[in-house]
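*Asks:* Residue numbers (the working numbering), protein chains in the order written: chain E, 1218 to 1377; chain S, 47 to 113.
Any given hint might turn out to be false.
Over the 10 Å line for every Cβ pair with chain S, so calculated as not near, a few chain E residues [what the hints assert, rightly or not]: (1) Thr1237; (2) Lys1262; (3) Val1264; (4) Gln1289; (5) Gly1290; (6) Gly1323; (7) Gly1330; (8) Arg1339; (9) Val1341; (10) Thr1351; (11) Glu1374.
A few chain E residues that face chain S, going by a derived Cβ cut-off under 8 Å, partial list only [stated by the list, open to error]: (12) Ser1229; (13) Ala1254; (14) Lys1268; (15) Glu1277; (16) Pro1304; (17) Val1307; (18) Leu1311; (19) Ile1329; (20) Val1343; (21) Gln1346.
What the hints contain is simulated information worked out from the structure, not anything from laboratory work.
Just so it is clear, CB atoms sit at the ideal spot from N, CA and C, and this is done for glycine as well.
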Amino acid sequence: MTGGGDGLRRPSRIYAVKTTVGQEKQVLEMLERRVKAKGYTSSIKAVMWSKDLKGYILVEADNPALIDELIQGLRHVKGRVSGFVNPSEVDRYLVVKPVIESLQVGDMVEVIGGPFRSMKARVVAVDRQKSEVTIELLESASPFPITIYAEYLRKIEGGA
Amino acid sequence: MSEMACRTCKRVFRVPRRGSDVCPVCKTRTLTDNWNGLVVIFNPESSILAEKIGAKEPGRYAINVGR
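If we strip away everything but chain S, and leave its shape as in the complex, we get (with noise of 0.2 Å):
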């Protein structure tokens, strides 16, 4: 398994080495491990980071996607 991000959405997703490149949430083809950061979002609820970053789903988004 790899861990890869989203161009798009910069949701990060635990993947198989050759699995799809096809993002589960926004299902563009924009997949990289080219990423660093995390922030974990679990309630975006008056969340101080969610709000910084823009993130209005839990989930786990890069803070950097590079090409």
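Isolated chain E (complex conformation) (with noise of 0.2 Å):
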């Protein structure tokens, strides 16, 4: 975080808002109803949740003021994040890393969409040129080897 406000109307910038750690969308679905509500849209450029960005939000506005108004008494928030973000830092959290740079053999998983959806399983191979891993269902019996897109995975977390 880098610089400072002092309330005056300026050229946007991008702030953070500490959140409660699981509920950043949430606390993103009241505060783009308070903003609506208020009549705040030319003031509050726009606001953003990222899953890899746990505990924050952040809000885009001409003035850090109305950030702190809006944010006063909503639920699950901790307060602004002093200074302002710079707009390269974001970058990280726009730019989506593809699951399957993340998925190794042995990895558990659990299938997100498609007819196994919600079953878990373990990476058996990946391929990384056809963007396709090969898993064993552990819900099932007899586990067969099943290929499918790496994108209907979710890699979860702390797995063997």
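Assembling the complex is the task here: the two chains are given apart, and the hints tell you how they should meet.
*Replies:* The following block contains the structure:
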């Protein structure tokens, strides 16, 4: 975080708002409703939530005092972080790393799309060129390998 | 209601669970519930985030849309 704010109107900047971890999207939606209800849609340019930015949402505004007003009394909000976020720091939350890059043989995954959705599985092969992963479903009595697109999978953190 | 994102234009919408799979904006049949990350653009004019995601209209945009 860099810089500071005196509440005067200026070109827009991105500010971070600290939230309860796991409630970021809920806070964003409450904030979205407040921005519209108060008619601040010209001064508050945008709000953003990324799953890689735990415990924070980002708000772009031309006046940080408006953010302070909007978040006052909002559930799961712990306050605005002083200063502003350098726009180049935001890029890493907007550029999506393909799922396949983070998968390795032996990883535990959850299927998030297709007919095996919500089932857990173990990765037995990874084809990075085709972006395909071969998995064995854990809930199956006789596990047989299934090859599916990597984007249908979510890595379970802490998996073996 | 469930939130679906369009694979083509990345807009996010609330649609009935058994509703249409046509994107209200770009009219393609490419809606999916496999998405994450959200940018709500209120005013794209001179907005840093709108420029970064290539949004020219106000609306809700997914950061990552899967298959």
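*Asks:* Would you mind marking each hint as holding or not holding in the structure?
*Replies:* Hint check:
Residue placement check: Thr1237 of chain E keeps its beta carbon more than 10 Å from all beta carbons of chain S (closest about 17 Å). With a least beta-carbon separation of about 4 Å from chain S, Lys1262 of chain E fails to lie farther than 10 Å from that chain, contradicting its non-interface assignment. Non-interface call for Val1264 of chain E relative to chain S: violated, since the shortest CB-CB distance, roughly 5 Å, does not exceed 10 Å. Residue placement check: Gln1289 of chain E keeps its beta carbon more than 10 Å from all beta carbons of chain S (closest about 19 Å).
Every CB of chain S is more than 10 Å from the CB of Gly1290 of chain E (nearest about 20 Å), matching its label as outside the interface. Every Cβ of chain S is farther than 10 Å from the Cβ of Gly1323 of chain E; the closest lies at roughly 23 Å, confirming the non-interface assignment. With a minimum CB-CB distance of about 5 Å to chain S, Gly1330 of chain E fails to clear the 10 Å threshold, and the non-interface call is violated. With a minimum CB-CB distance of about 21 Å to chain S, Arg1339 of chain E clears the 10 Å threshold, and the non-interface call stands.
Look at Val1341 of chain E: its CB is around 21 Å from the nearest CB on chain S, clear of 10 Å, so calling it non-interface holds up. Consistency note on Thr1351 of chain E: stated as away from chain S, and its beta-carbon is indeed over 10 Å from all of that chain's, at 17 Å minimum. Non-interface status of Glu1374 of chain E relative to chain S is upheld: no Cβ of that chain comes within 10 Å, the nearest being about 15 Å off. This hint holds: Ser1229 of chain E has a C-beta 6 Å from the nearest C-beta of chain S, less than the 8 Å allowed.
Because the closest C-beta pair between Ala1254 of chain E and chain S is about 12 Å apart, greater than 8 Å, the hint is violated. Against a cut-off of 8 Å between C-beta atoms, the interface hint on Lys1268 of chain E holds, since the closest Cβ of chain S lies about 5 Å away. Using the Cβ-Cβ criterion of 8 Å, the hint placing Glu1277 of chain E at the interface with chain S is satisfied: the shortest such distance is roughly 5 Å. With 8 Å as the threshold, the beta carbon of Pro1304 of chain E comes within range of chain S, its nearest partner Cβ sitting at about 5 Å, so the hint holds.
Because the smallest distance between the Cβ of Val1307 of chain E and any Cβ of chain S comes to about 7 Å, under 8 Å, the interface hint for this residue holds. This hint holds: Leu1311 of chain E has a C-beta 6 Å from the nearest C-beta of chain S, less than the 8 Å allowed. Because the smallest distance between the Cβ of Ile1329 of chain E and any Cβ of chain S comes to about 6 Å, under 8 Å, the interface hint for this residue holds. Below 8 Å, beta-carbon pairs count as interface contacts, and Val1343 of chain E has none with chain S, the closest being about 17 Å; its hint is therefore violated.
Because the smallest distance between the Cβ of Gln1346 of chain E and any Cβ of chain S comes to about 17 Å, over 8 Å, the interface hint for this residue is violated.
Checked against the numbered hints given earlier, this structure breaks hints 2, 3, 7, 13, 20, 21; the rest are met.
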